[in-house]
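Participant: These are the residues of each chain, in order.
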Amino acid sequence: MYSKDGENYYIVDAHVALWDARPENQRNIHGKQFIDCFYDYHRNLSPEQEVWSYDDYLYQGGERLLRDLFELGYVDHAVFQPAYLGEFYGNGFGQTEEASKLAAEHPGKLTYNHNFDPRNGEAGLDQLRADAERFGLKGVKLYTAEWHGESRGWRLDDPWSYRYLELCRELGITNIHVHKGPTIRPLDRDAFDVADIDHVATDFTDLNFVVEHVGLPRLEDFCWIATQEPNVHGGLAVAMPFIHTRPRYFAQIIGELLYWIGEDRIQFSSDYALWTPKWLVESFVDFQIPADLTEYAPLTTAQKKKILGLNAAKMYDLDVPAELRLPDADETATGPRGADDLVDA
Amino acid sequence: MNVQEKQAYDALGAVVDPELDEPITDLGFVRSVTVTDSAVEVHLRLPTAFCAPNFAYLMAADAKDVLTALDWTHLVTVQLDDHHDSELINRGLAADAGYRGTFKHEAEQDLDELRLTFQRKAHTAAMERCLTYLLRERRDAPLASVTLADLPDDQHTDALRRRRATIGLPTTPDALVLVDHTGTPYAEAAVPLALRRARSTRISIEGNAHFCRGLLRTRYPDEETA
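Chains as they are written, first to last, in the UniProt record's numbering: chain A, 1 to 345; chain B, 1 to 226.
In case anyone wonders, no lab produced these hints; they're calculated from the structure. Where is the CB? At the ideal position from N, CA and C, for every residue including glycine. Be a bit skeptical, because a hint or two may be false.
Once the Cα atoms are required to be at most 16 Å apart in a straight line, the calculated EDC-like pairs of lysine to aspartate or glutamate come out as [as the list claims (entries may be wrong)]:
id : chain 1 : residue 1 : chain 2 : residue 2
1  : B       : Lys64     : B       : Glu5
2  : A       : Lys278    : A       : Glu71
3  : B       : Lys104    : A       : Glu150
4  : A       : Lys109    : A       : Asp319
5  : A       : Lys138    : A       : Asp206
6  : A       : Lys138    : A       : Glu170
7  : B       : Lys64     : B       : Asp96
8  : A       : Lys32     : B       : Asp82
9  : B       : Lys104    : A       : Asp188
One-sided and incomplete, this derived list gives chain A residues near chain B with beta-carbon spacing under 8 Å [stated by the list, open to error]:
id : residue
10 : His30
11 : Phe34
12 : Cys37
13 : Asp40
14 : Pro182
15 : Arg189
16 : Asp190
17 : Glu220
18 : Cys223
19 : Leu342
Based on the sequences and whatever the hints tell you, model everything.
Facilitator: Listed below in structure tokens is the structure:
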């Protein structure tokens with residue numbers, strides 16, 4: 001819970017990880033390149049006093065995670081969204097055993113989502129059944145640029161992916177978090193393209209598709225698809241820290257999202273341990289769209305409360321105190337919302 | 001930098017990052033240019049090791065093409081540094097293997113459609129920029145019927161003309177500004193949505209370009225561009 005100026009905010013960090021990128025877990029140069037890329041994101045977008053040492057960044061462990069999220073970071077509930085990256089890390093990037101154990105020890109605070117890879121075929125379907133039972137899965141995190149033998153990517157609308165999504169439906173795994181990356185087959189196409197999400201969202205209307213980092217670097221394609229599909233949501237992983245380095249750009253992202261998908265389908269996350277929630281929550285509560293960006297309406301306190309936690313809490317059926325809940329906006333289910341005035345909202 | 005190196009560097013100014021719609025020289029992607037006799041060696045660098053390999057290849061291959069086209073170059077070597085596909089791409093470039101020869105089973109046809117997609121986006125963003133500036137000056141500007149002649153004579157209009165020419169749209173003064181990539185105008189009622197959609201494209205490209213520049217500085221803090 002975060003409180004300021006008499007307002008209380010229920011905080012859900014909808015995308016966190018417990019990773020191990022230490023050299024002894026790196027399988028090859030790509031393991032180092034991957035964490036170095038994350039560390040550059042971290043260094044580039046964090047306020048100076050929030051920058052960690054490289055060693056701290058390689059591995060945090062459960063105790064530090066609990067402290068950063070729940071003691072220091074105002075978070076009421078967090079959701080693990082682990083990336084496997086088995087081609088880069090011996091024991092995987094996201095630490096399944098450690099994270100799921102932590103979630104089992106703190107069920108009120110942590111939800112463990114797992115992942116699947118449709119290229120594992122029938123065996124992977126059996127594994128998903130077992131994982132669903134073992135972890136009590138409500139959601140999965142899918143990374144479409146995961147490397148797998150000769151393949152360096154897959155699409156959500158591949159036939160095998162449909163088999164897995166059908167199984168998700170059967171097992172009650174309703175929250176599908178999708179993370180787009182740089183490689184996909186064939187390389188002829190834009191790897192960040194989100195068109196496959198359009199197809200599966202139409203065919204699986206009973207599943208929620210949360211597109212992480214709101215489709216960045218394809219914000220425009222994400223907005224266009226999400227506005228037409230009421231079960232497509234935007235996760236703010238990676239987008240949040242722009243609030244510090246580039247507040248005007250952050251304002252534009254939020255303004256676009258509110259226009260195209262509305263206030264009920266946007267989810268806050270720190271993307272821990274890429275960044276930590278404390279400064280992001282504080283900054284977001286203080287944030288306002290600059291007055292000269294007249295094409296966007298000012299951000300309301302209710303919108304901030306929904307984005308910071310209530311939206312994800314609803315999706316994960318979390319026990320939010322009654323006095324902190326808010327009703328859905330009275331808005332269209334699809335299509336842009338808000339003013340069509342092009343210079344003033 | 002000697003005269004030939006300067007010529008080589010200037011030639012590289014024609015190579016554009018298709019995603020960001022800016023020359024690789026402005027973006028700081030040219031790490032070094034070295035000319036020995038008639039042999040030129042260029043090293044490129046990108047903001048992360050995981051920048052999309054298809055775009056990385058496009059820029060490196062385009063760089064080799066513009067350098068080969070100079071009348072004095074004999075041997076042209078382009079190397080992409082510090083990328084997850086450096087080895088693959090550099091081998092392909094050295095052998096002039098082309099896109100399919102470089103990426104083998106991961107390539108199906110070619111990258112023409114990918115390039116075209118981003119040329120269209122670049123046009124969309126340039127169009128929105130011009131129309132939004134116009135709207136800020138004249139709130140009642142009739143967007144559906146604004147022509148190139150109605151736009152001010154400035155760098156944004158120049159940029160729009162160039163983007164139009166690239167994708168084969170007319171650049172005559174009477175050409176309508178608010179059109180899709182085929183040159184088809186919008187009905188009055190469809191104008192607000194068309195402009196809003198174009199705006200999200202412009203914001204996306206600008207945001208990515210800024211982020212990439214920042215990441216490049218973070219990744220190579222002590223190293224000047226060529």
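Participant: Would you mind marking each hint as holding or not holding in the structure?
Facilitator: Against the structure, the hints come out as follows:
no., hint, in the structure
1, B:Lys64 to B:Glu5, "14 Å, holds"
2, A:Lys278 to A:Glu71, "9 Å, holds"
3, B:Lys104 to A:Glu150, "11 Å, holds"
4, A:Lys109 to A:Asp319, "11 Å, holds"
5, A:Lys138 to A:Asp206, "13 Å, holds"
6, A:Lys138 to A:Glu170, "12 Å, holds"
7, B:Lys64 to B:Asp96, "9 Å, holds"
8, A:Lys32 to B:Asp82, "11 Å, holds"
9, B:Lys104 to A:Asp188, "12 Å, holds"
10, His30, "6 Å, holds"
11, Phe34, "7 Å, holds"
12, Cys37, "5 Å, holds"
13, Asp40, "5 Å, holds"
14, Pro182, "4 Å, holds"
15, Arg189, "6 Å, holds"
16, Asp190, "6 Å, holds"
17, Glu220, "4 Å, holds"
18, Cys223, "5 Å, holds"
19, Leu342, "6 Å, holds"
Checked against the numbered hints above, the structure violates none of them.
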